[in-house]
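Build out the structure end to end from the sequences listed, making use of the hints.
Taken in order, these protein sequences are the chains called P and B.
Residues 1 to 333 (our numbering) are what the first sequence spells out, left to right.
Residues 1 to 333 (our numbering) are what the second sequence spells out, left to right.
Hint data in this document are derived by calculation from the structure and do not stem from the laboratory.
Everything numeric in this text was worked out from a predicted model, so none of it was measured.
The beta carbon of each residue, even a glycine, is placed where N, CA and C say it ideally should be.
A portion of the hints provided could be inaccurate.
[Claimed, not checked] Here are the in silico distance ranges between beta carbons for each label pair:
{"no.": "1", "chain 1": "B", "residue 1": "His253", "chain 2": "P", "residue 2": "Trp203", "range": "55 to 63 angstroms"}
{"no.": "2", "chain 1": "P", "residue 1": "Asp15", "chain 2": "B", "residue 2": "Asp207", "range": "39 to 47 angstroms"}
{"no.": "3", "chain 1": "B", "residue 1": "Ala332", "chain 2": "P", "residue 2": "Asp211", "range": "51 to 59 angstroms"}
{"no.": "4", "chain 1": "P", "residue 1": "Lys80", "chain 2": "B", "residue 2": "Pro274", "range": "45 to 53 angstroms"}
{"no.": "5", "chain 1": "B", "residue 1": "Asp209", "chain 2": "P", "residue 2": "Ala137", "range": "52 to 60 angstroms"}
{"no.": "6", "chain 1": "P", "residue 1": "Asp270", "chain 2": "B", "residue 2": "Gly60", "range": "55 to 63 angstroms"}
Protein chains: 2
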Amino acid sequence: MIETPYLLFLGDAPDQLAAKVAQGIKDWRPDNCVGQLRMEGCRADLGLADMTLQEARAAGARTLVIGVANRGGVISASWKKVLVAALEEGFDLASGLHNLLRDEPDLAAVADACGRALHDVRIPEVRYPIANGVKRAGKRVLAVGTDCSVGKMYTGLALDDALRARGMKSTFRATGQTGILITGDGVPLDAVVADFMAGSIEWLTPDNDPDHWDVIEGQGSLFHVSYSGVTMALIHGGQPDALILSHEPTRDHMRGLPGYALPSLEALRDTALPLARIANPACQVVGVSINTQHMSDDEARAYCEETEARLGLPTVDPYRHGAERLAEALAAL
Amino acid sequence: MIETPYLLFLGDAPDQLAAKVAQGIKDWRPDNCVGQLRMEGCRADLGLADMTLQEARAAGARTLVIGVANRGGVISASWKKVLVAALEEGFDLASGLHNLLRDEPDLAAVADACGRALHDVRIPEVRYPIANGVKRAGKRVLAVGTDCSVGKMYTGLALDDALRARGMKSTFRATGQTGILITGDGVPLDAVVADFMAGSIEWLTPDNDPDHWDVIEGQGSLFHVSYSGVTMALIHGGQPDALILSHEPTRDHMRGLPGYALPSLEALRDTALPLARIANPACQVVGVSINTQHMSDDEARAYCEETEARLGLPTVDPYRHGAERLAEALAAL
Numbered sequence: 001m002i003e004t005p006y007l008l009f010l011g012d013a014p015d016q017l018a019a020k021v022a023q024g025i026k027d028w029r030p031d032n033c034v035g036q037l038r039m040e041g042c043r044a045d046l047g048l049a050d051m052t053l054q055e056a057r058a059a060g061a062r063t064l065v066i067g068v069a070n071r072g073g074v075i076s077a078s079w080k081k082v083l084v085a086a087l088e089e090g091f092d093l094a095s096g097l098h099n100l101l102r103d104e105p106d107l108a109a110v111a112d113a114c115g116r117a118l119h120d121v122r123i124p125e126v127r128y129p130i131a132n133g134v135k136r137a138g139k140r141v142l143a144v145g146t147d148c149s150v151g152k153m154y155t156g157l158a159l160d161d162a163l164r165a166r167g168m169k170s171t172f173r174a175t176g177q178t179g180i181l182i183t184g185d186g187v188p189l190d191a192v193v194a195d196f197m198a199g200s201i202e203w204l205t206p207d208n209d210p211d212h213w214d215v216i217e218g219q220g221s222l223f224h225v226s227y228s229g230v231t232m233a234l235i236h237g238g239q240p241d242a243l244i245l246s247h248e249p250t251r252d253h254m255r256g257l258p259g260y261a262l263p264s265l266e267a268l269r270d271t272a273l274p275l276a277r278i279a280n281p282a283c284q285v286v287g288v289s290i291n292t293q294h295m296s297d298d299e300a301r302a303y304c305e306e307t308e309a310r311l312g313l314p315t316v317d318p319y320r321h322g323a324e325r326l327a328e329a330l331a332a333l
Numbered sequence: 001m002i003e004t005p006y007l008l009f010l011g012d013a014p015d016q017l018a019a020k021v022a023q024g025i026k027d028w029r030p031d032n033c034v035g036q037l038r039m040e041g042c043r044a045d046l047g048l049a050d051m052t053l054q055e056a057r058a059a060g061a062r063t064l065v066i067g068v069a070n071r072g073g074v075i076s077a078s079w080k081k082v083l084v085a086a087l088e089e090g091f092d093l094a095s096g097l098h099n100l101l102r103d104e105p106d107l108a109a110v111a112d113a114c115g116r117a118l119h120d121v122r123i124p125e126v127r128y129p130i131a132n133g134v135k136r137a138g139k140r141v142l143a144v145g146t147d148c149s150v151g152k153m154y155t156g157l158a159l160d161d162a163l164r165a166r167g168m169k170s171t172f173r174a175t176g177q178t179g180i181l182i183t184g185d186g187v188p189l190d191a192v193v194a195d196f197m198a199g200s201i202e203w204l205t206p207d208n209d210p211d212h213w214d215v216i217e218g219q220g221s222l223f224h225v226s227y228s229g230v231t232m233a234l235i236h237g238g239q240p241d242a243l244i245l246s247h248e249p250t251r252d253h254m255r256g257l258p259g260y261a262l263p264s265l266e267a268l269r270d271t272a273l274p275l276a277r278i279a280n281p282a283c284q285v286v287g288v289s290i291n292t293q294h295m296s297d298d299e300a301r302a303y304c305e306e307t308e309a310r311l312g313l314p315t316v317d318p319y320r321h322g323a324e325r326l327a328e329a330l331a332a333l
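Printed below as a string of structure tokens:
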């Protein structure tokens with residue numbers, strides 16, 4: 001559990017895209033962000049107040065979150081200076097970088113001396129159980145994709161917002177590094193040891209109020225041969241009551257797999273639903289989320305309408321159209 | 001890669017069942033076994049020559065394999081004495097115990113001083129790649145089960161034997177600790193990190209002669225919610241040309257999951273085959289292996305005949321009837 005609120009570290013980000021993790025945190029959990037810290041030469045800007053470490057501490061910030069990709073996989077000397085100062089100032093550090101904070105001897109030593117925590121969200125910090133398959137109280141929804149990176153996290157975050165806006169009880173359950181940094185908690189599923197994958201998702205989505213929804217962040221795709229095992233563990237560990245089908249219509253092959261075509265939404269439905277019903281016989285497919293970022297407004301609307309008619313399911317781009325109709329579908333379950 | 005041949009350490013096994021790993025090695029790779037080492041009070045016997053460490057070294061043994069479960073998860077002082085002496089005598093050690101050889105400071109120190117290897121086969125020793133899904137040369141067959149522990153390893157080992165007996169090229173590819181100890185090599189799939197599961201199986205079953213069969217050891221079950229992700233990764237990483245359906249007919253629920261009924265063989269077929277065809281569109285279900293250990297001869301024969309008629313696939317208990325008909329089915333592919 002990462003302590004909030006955050007000061008977002010943008011470092012010397014060469015452009016806005018390099019700070020996309022910070023952007024995600026600011027977009028989805030603005031209340032968690034007291035400000036941003038930018039070094040000389042930084043070309044990203046989240047529109048938050050620029051703060052020194054001292055100012056941010058005074059404003060209540062507890063954790064400095066590295067919301068920017070580093071260059072060449074190295075934590076540079078200029079970054080180090082800021083990170084060490086932050087620990088000395090009383091901040092915990094949180095990072096989703098491939099190279100771990102804990103593997104930097106100076107950071108580890110200073111954190112230890114100051115009694116501060118280093119959160120490397122790519123690495124599990126919990127000993128997860130083996131899944132037991134026992135039915136849990138409360139409701140769960142999971143987005144499954146025709147491919148990786150089709151907007152499943154975005155769909156989940158938007159749906160969580162829309163459920164709360166309706167006055168329903170909802171918790172977004174992060175299963176990837178960006179999601180974990182956004183919410184401060186979760187399971188870095190791609191780094192969990194095989195035997196404990198499904199158990200980690202049971203752990204993440206425990207018994208809850210009967211009318212509470214866990215919105216579980218999806219990962220991978222049953223049709224993506226590199227990561228399908230991770231998706232399978234989410235479906236069985238999450239025992240979802242509801243599935244949302246996610247798709248990006250303009251791809252000509254599976255991400256990173258040139259020889260592999262994307263499945264149809266029908267094929268995804270017919271594959272995912274029977275598998276989900278092994279863990280939860282009541283599971284239903286309730287809607288479709290389309291990532292229309294590469295389409296015009298007209299194309300996007302036409303594609304969603306056509307899909308809705310074909311599948312008989314509410315179909316939206318949660319970014320363009322909001323997730324209200326998906327929330328409605330859950331409310332109607 | 002564990003160096004062969006082996007001296008099999010049976011320790012103070014309280015009964016034959018406690019030495020089942022050693023029994024598996026002796027049954028499936030007798031040529032790898034020069035003898036057995038039994039301590040005072042040992043009640044297991046593989047029918048191999050009892051040897052001292054010196055005698056076994058003189059007979060060519062390279063590795064002392066712990067083929068017995070330890071009591072209470074502790075490597076006892078009396079075991080230690082033998083293991084240390086073995087290292088000093090020039091043996092490597094190999095173990096599938098939960099508590100690792102490398103975590104015993106005395107064993108680690110002696111192994112280091114003697115330049116010997118400690119193989120803990122529960123722990124991956126390789127940095128596996130992420131799967132790339134590229135079609136590989138050669139043929140692959142995988143057993144998939146209605147449940148865990150229904151005889152998939154046994155089916156694979158028997159099939160490997162039967163293929164070789166026909167003069168075909170075949171390699172058994174171990175994916176679990178017992179299989180790895182039997183063959184001296186493999187991937188401990190249940191201990192691999194999620195993102196690398198499918199890649200580890202691609203690594204295990206690389207390009208080969210067009211007429212060579214990799215017989216991949218199955219794990220878990222698509223219908224077992226604790227481990228289905230592992231099975232999924234095997235199906236996509238292995239890109240099998242052939243599937244064999246494995247079943248144990250007398251179970252009244254999934255292993256360790258009281259609320260879950262076993263699927264039918266038809267449901268297994270209809271679930272596994274479309275998923276396998278994502279990675280290999282030519283994949284076929286070629287046969288059925290039934291574990292009839294809890295049935296009489298008559299019941300076993302009747303069950304296999306009935307299943308064969310129902311599914312239209314050669315159906316055998318490889319232990320009772322041999323795996324020749326399954327090998328025949330592969331030859332006919």
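query = What are the numbers of the hints that this structure violates, sorted from low to high?
reply = 1
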